[in-house]
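J.: All chains should be modelled from the sequences, with the hints used to inform the complete structure.
If you're matching them up, the sequences are chains A and B in order.
If you number the first sequence the way my numbering does, the last residue is 971 and the count never jumps.
If you number the second sequence the way my numbering does, the last residue is 868 and the count never jumps.
What the hints contain is simulated information worked out from the structure, not anything from laboratory work.
All values derive from a computational prediction rather than experimental measurement.
Ideal Cβ positions, reconstructed from N, Cα and C, are used throughout, including at glycine.
Check the hints yourself; a few may be wrong.
[To be verified] As a list, the in silico BS3-like pairs of lysine-lysine whose alpha-carbon atoms are at most 30 Å apart: (1) K671/B / K718/B; (2) K548/B / K957/A; (3) K548/B / K903/A; (4) K909/A / K785/B; (5) K884/A / K718/B.
[Unchecked claim] Chain B residues, not near chain A, derived (Cβ > 12 Å throughout): (6) V342; (7) N366; (8) Q384; (9) M514; (10) G555; (11) N562; (12) L827; (13) Q835; (14) F838.
[As the list claims (entries may be wrong)] For each label pair, taking beta carbons as the anchor points, the in silico distance ranges come out as: (15) I635/B / E945/A: 24 to 30 Å; (16) H606/B / R882/A: 28 to 34 Å; (17) G428/B / N872/A: 54 to 60 Å; (18) E900/A / K733/B: 44 to 50 Å; (19) N902/A / K671/B: 47 to 53 Å; (20) Q779/B / R882/A: 43 to 49 Å; (21) R448/B / R882/A: 51 to 57 Å; (22) H873/A / R479/B: 18 to 24 Å; (23) Q638/B / H873/A: 35 to 41 Å; (24) Q613/B / R882/A: 35 to 41 Å; (25) H873/A / I635/B: 30 to 36 Å; (26) Q411/B / K909/A: 35 to 41 Å; (27) R614/B / K909/A: 29 to 35 Å.
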Amino acid sequence: MAVKINHKLCNGCGQREKSLCVRVCPGNLLYKNEDNKAEIREKRDCWDCAACVKECLQQAIELYLPAEIGGRGSTLQAEQKKDKIIWQLKKVDGFCEEFEIKTEE
Amino acid sequence: MEQFKVVELTTDILIIGGGAAGCYAGVRAKEQDPEVDVLIVDKAHIERSGCLAAGINAINAYLNPGVGPKDFLDYIKQDSEGLVRDDLIYTLAQGLNRAADKLEQWGLPFLKDEEGNFIPRGRRSVQIKGENIKPIMAQAVRNSGVDVLNRVNITNYLVEDDQVKGAYGFSVRDNKFYLLKAKAVICATGGAAGIYRSNNPGQARHKMWYPPFNTGAGYAMGLRAGAEMTTFEMRFIALRVKDVISPTGTIAQGFNAPQINALGEEYQDSYEKNTTPLRLYATIEENKAGRGPCYLDLTHLDDEQNQRIKENFLNMSPGIVLKWADREIEPQDEPVEICGTEPYIVGGHAQSGYWIDTKRQTTLKGLYAAGDVAGGAPKKYVTGAMAEGEIAVLDVLEYIEGVDFESFDSVKVEEEFNRVYSPLQRKEGFGPQELEERLQKIMDEYAGGLSTNYQLHEEKLLQARSFLKVLDQDLASGKAESLHQLMNLHEVIDRVIVARALVEHLLYRKETRWKSYQQRLDYPDQDDQNWFKFVNSVYDQEEDQIKIIEREHIKLGDLDGS
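T.: Right, here's the structure in full:
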């Protein structure tokens, strides 16, 4: 349902045959287009698991709620570190909230 | 179709599905016998496939100090109207804590008290920071030496002389058809979503509880091969946060939120029980009586808890965090509205699945089942699925001693190859999307979906049966324009046979055993005298019919000396 890929930031993971997001998407919904950028084939088929959001090294993928269920522009981005994940919640008014959560002992 | 290459692989143990059950089964096999060949095949990539893709924030099947396997069984029985496979639950309960300890060894962070004990969330539950649980499992699989084949959609078992000897599948990303030969097969594909129309429209249609990519392949392959299935009629319907379908346990158990109606009353007390199905049933009844919407009340939270609840949800279901942000509120600002989801067929929460023995062997020789695809043992969750994977693989290791590869000769490769790829050649026909929507419309309206408050009765179920029969014929003219669409089409084909079996189960049980999950308008009462037994089914390929078999309830017997 709900990821946006920023093609200005996406670098297709360089020379990798498959981008990291393409590698992990559980719905097989992501692919690399002719410009070496990640693309989603069917937004409405996305489960919203955020695997691609976490995997992206460029922070080029954002999670949002579709307008149908009240989405009004807030987004979530994630950055994975060795043993933690840092989430950036961007709110409707532009204000940002950050969360740092341990992921591995 | 000459562009498709047939790839033949041979292994000792083939595990279909790399979720909790499959990954743990693979690792345990290599721990027991480093020489044994194990292959896990997954439709997606094991790094983030299956139910755990987004993470979880509690281990919901764990025996805290003072709770034993028998207590665990007693709780499940009480929550499931008594009718479960006592022997299966008892045996998996014995492996729950071992599975949790293994997750901790692999690096999953568990919350601990000062003495180093896991912090309970309830009597049978402990708290974790589980966002990364699936990558941690995938790493353990890689470290163990198990081989992994990602992005291959398994379509059918390879059966010869009534024995399962492997499986067929196709790559969803390149032109390869796989013939996977094995001495034994463990099916761990998960349950089925997408049988019924979901809660949300349009772009949000896959905003659901169970993964939309778990499409019942394991059930479908089992049915087509003649395996016996049990209790499909006990559907699972989750009580969730409205719209974003985030879990309610995190709020109710984790943050002590009372469940209230629009009048502010804690309505569960007015119903006969406080079980998982009854909490859903009560919520629907409150809405029907004009006392909705119903909520989980979080208005008691302080600022620190506001932050912590958001972190908990980021670990498994970030949608609700976006919802709060889009509404420009904090969790404490208003109660969270709750609703029921569409019904799912899933053995890890309800008990639809393969009819298995205590070793997790199905009724087909050489085929085992574990996790959501295995029947008879509700509420097994992650650690229960892992425990079943372990039980299965330990028996498989013994079983394969006596199996010889030499017996392979007349495999029906061409037949399956053509069945799999023929939709790519059709110029005219129905696409997967429209067939899927027709299935979901039939099931929603005639087989107790959301739009009918999950209620069932014979006339409508007979309609469902007849419409599904026509849909089944139309599947034969399904077309696909890409490998991705081909996968989608096979997912619909699989779901239709699951739906057909489900409708037969729903028709057959002439009582109401589990309110909401299986609630008959024409037989509204529970009837222990006639129905304290299992409804099982087998698909007869020649007659193209689902046949029902009754099975008696199995007591614990020798397992615990009762």
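J.: Against the earlier hints, flag every one the structure doesn't satisfy and list their numbers going up.
T.: 3, 5, 9, 16, 17, 18 and 21
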